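J.: In the order they appear, the protein sequences are chains A and S. Here the working numbering is used: the first residue of the first sequence is 494, the next is one more, and so on. Here the working numbering is used: the first residue of the second sequence is 4, the next is one more, and so on.
Note that these hints are calculated values from the structure, not bench results. Among these hints, one or two may not hold up.
Okay, the calculated beta carbon distance ranges per label pair [as the list claims (entries may be wrong)]:
1) A:G529 <-> S:V261: 53 to 63 Å
2) A:Q577 <-> S:E270: 53 to 63 Å
3) A:F561 <-> S:T198: 43 to 53 Å
4) S:A278 <-> A:G569: 34 to 44 Å
5) S:V176 <-> A:Q586: 49 to 59 Å
6) A:E501 <-> S:R12: 26 to 36 Å
7) A:Q577 <-> S:I161: 39 to 49 Å
8) A:W674 <-> S:M253: 37 to 47 Å
9) A:C628 <-> S:R310: 55 to 65 Å
10) S:D226 <-> A:D638: 25 to 35 Å
11) S:E276 <-> A:Q586: 21 to 31 Å
Remember, predicted model here, so these are calculated numbers, not experimental data. Every residue, glycine too, gets a C-beta built ideally from N, C-alpha and C.
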Amino acid sequence: MLQLQGIELALPNGNGGNNNGLSPVLRGIDLTLEEGKFYAITGPNGGGKTSLARLIMGIYRPTAGHIFWRGEEITGLSITERAQRGIGYAFQQPPRFKGLRVRDLLELAAREQPSDPNGSLLRRLCHSLRSVGLCPEDYLEREVDASLSGGEAKRLEVATLLLRKVQLVIYDEPESGVDLWSFDQLLRVILERHRRGGMTTAVITHHEQVLLQADEIILIAEGEVKARGPRAEMWPLITDRARCRWRRSCEEENDEAGCTR
Amino acid sequence: MKLDALDKRLLETIADLHGVPAGAFNIRRNGQAVERRSTANIEIRSKEDKPGIDVLIRPGTRNESVHIPVILAASGMTDVVYNTFEIGEDSDVLIVAGCGIHNPGEAEARHDGIHEFFVRRGARVRYVEKHYGEGPGPGARILNPQTIVHVEEGAEMILETVQIRGVDDTQRVTSARVASRGRLFMTERLLTHGTQRAISDVTVELIGEEASAEVISRSVAQDESEQLFRPRLIATAPARGHVACDSIIMDRARISSVPEISARHPEAELTHEAAIGKIAGDQLIKLMTLGLTEKEAIETILRGFLR
Chain A
494 MLQLQGIELA LPNGNGGNNN GLSPVLRGID LTLEEGKFYA ITGPNGGGKT SLARLIMGIY
554 RPTAGHIFWR GEEITGLSIT ERAQRGIGYA FQQPPRFKGL RVRDLLELAA REQPSDPNGS
614 LLRRLCHSLR SVGLCPEDYL EREVDASLSG GEAKRLEVAT LLLRKVQLVI YDEPESGVDL
674 WSFDQLLRVI LERHRRGGMT TAVITHHEQV LLQADEIILI AEGEVKARGP RAEMWPLITD
734 RARCRWRRSC EEENDEAGCT R
Chain S
4 MKLDALDKRL LETIADLHGV PAGAFNIRRN GQAVERRSTA NIEIRSKEDK PGIDVLIRPG
64 TRNESVHIPV ILAASGMTDV VYNTFEIGED SDVLIVAGCG IHNPGEAEAR HDGIHEFFVR
124 RGARVRYVEK HYGEGPGPGA RILNPQTIVH VEEGAEMILE TVQIRGVDDT QRVTSARVAS
184 RGRLFMTERL LTHGTQRAIS DVTVELIGEE ASAEVISRSV AQDESEQLFR PRLIATAPAR
244 GHVACDSIIM DRARISSVPE ISARHPEAEL THEAAIGKIA GDQLIKLMTL GLTEKEAIET
304 ILRGFLR
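Full structure from sequences and hints, please.
T.: This is the structure:
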């Protein structure tokens, strides 16, 4: 179980002005993710979803509050230590590496899992690539550099996590930059991995297809958990809020432009 | 003269040799030829007027290799060697060179290798050269390679040079002339650390129709080391070329990169790009999310970058 208690997060705002150049990003977050559940985290852009994921992974450190993972406080642990405790994170925009091949990245991901005596490491790497729709013959030796498209990089990101031994995995907008057909396949893989692995899965998403698969939906906006609950309860709220927000933003836009639609 | 354990380790580092190589080879140690073998198609012979060898590859020779590593394991020694490679028409060969210096003393140990290649019509050659320095003494380890390349019509040269680590000072000079439909692919990878200094001057002239060249430099400068790259690409014919210099800067190092392209024909197409930057934070974070420590992540990124 992952527990966040009284989490506050402030990040540099770049203008060096108020609050020592820090702006609040997350406020008063109290959140529990239970073992084996599938969560969808959604909400408007800039609301704090990615910051929350990065905070759980240890990329950001909270300015206040505590994080517990399976009973152990991990607030002060590094990214590496959290990864070694079975927490995984798939980036929204995976970084590129000049000179590092797909094979290298996958091998790094697979190194913590002993190889199946019946299958070689290479076979595992190939299987993970095929699962996300990438042909090993075409991709294993390719560099993880800018020559990969956004969609290819996202699929590779998921393949990397398939090889890891994780108990909690957070996917950050796996749908972004991925075509609809490929995303169908990615989502199938994510769900299958979740069900077979018995892990806790959280997907940051704006995609209805993901929301409809979730055991629970968490709505994050303005740096706060605005609502959470089972999918059936949350669904009307999510769709109403989305409509409201869309309508409000249209009205604001029209006001600014001095015109009406 | 027998090779000792140190020699064997250096040979493994610079030429991936785990014993006597297959095919033709010439091993040079402290200015002397230690072992040599010619084959039916590849003849290696000593120069008569100066130190060095001529490597003569018969026309049509294919899938053969030549190893010509150099070991310098003495302090206070300057080894200057002139090697000439005649790569016969329509041949396709691999040449593995490299120099490893083990400097045990206080005086400098220096190797200046001057290599000239004649890649005849339709031939293809891949030349791999690794440089490495080590040793307990404070004496400098210096390597000044000079490479001169003539790529004839329809020929191709792949030139891969790597400075692994431990070279205190290097001044690398590479010049190439590429004739019609000839192709040159050059990659230079270089790591400096401590107070080391590296200067690389590359001049490639594209002198024939449809000649092409790609010059790629990747380097990492650590600690207080300094690097200067001056690749020049000149086209006097309807030819194509690209220069790319990419460097990772760390600690208090300094890097200057000055690519130059010069066209003297209206149909020439030349491009260049250069970038210097630190290791991207997201790259480190990504590898750490896979369970690597920060140190392991840095090593992985640098190893890939300089591969």
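J.: Could you run down the list of hints and mark each one as holding or not?
T.: Hints versus structure:
Distance hint check for A:G529 and S:V261: the Cβ-Cβ separation is about 59 Å, which falls inside the suggested range of 53 to 63 Å. Between A:Q577 and S:E270 the beta carbons are some 58 Å apart, a value that agrees with the proposed interval 53 to 63 Å. Under the hint 43 to 53 Å, the C-beta atoms of A:F561 and S:T198, about 48 Å apart, fit the expected range. A hinted range of 34 to 44 Å for the beta carbons of S:A278 and A:G569 is consistent with their spacing of about 36 Å.
Checking the proposed 49 to 59 Å range against S:V176 and A:Q586 shows it is violated: the Cβ atoms sit about 42 Å from each other. Hint check: A:E501 to S:R12, Cβ distance near 56 Å, so the stated range 26 to 36 Å is violated. Under the hint 39 to 49 Å, the C-beta atoms of A:Q577 and S:I161, about 42 Å apart, fit the expected range. In this structure, A:W674 and S:M253 meet the distance hint of 37 to 47 Å, their C-beta atoms being roughly 43 Å apart.
Checking the proposed 55 to 65 Å range against A:C628 and S:R310 shows it is violated: the Cβ atoms sit about 23 Å from each other. Separated by about 27 Å at the C-beta atoms, S:D226 and A:D638 satisfy the suggested range of 25 to 35 Å. The given range of 21 to 31 Å is respected by S:E276 and A:Q586, whose C-beta atoms sit roughly 22 Å from each other.
Taken one by one, the earlier hints fail for this structure at numbers 5, 6 and 9, listed in ascending order.
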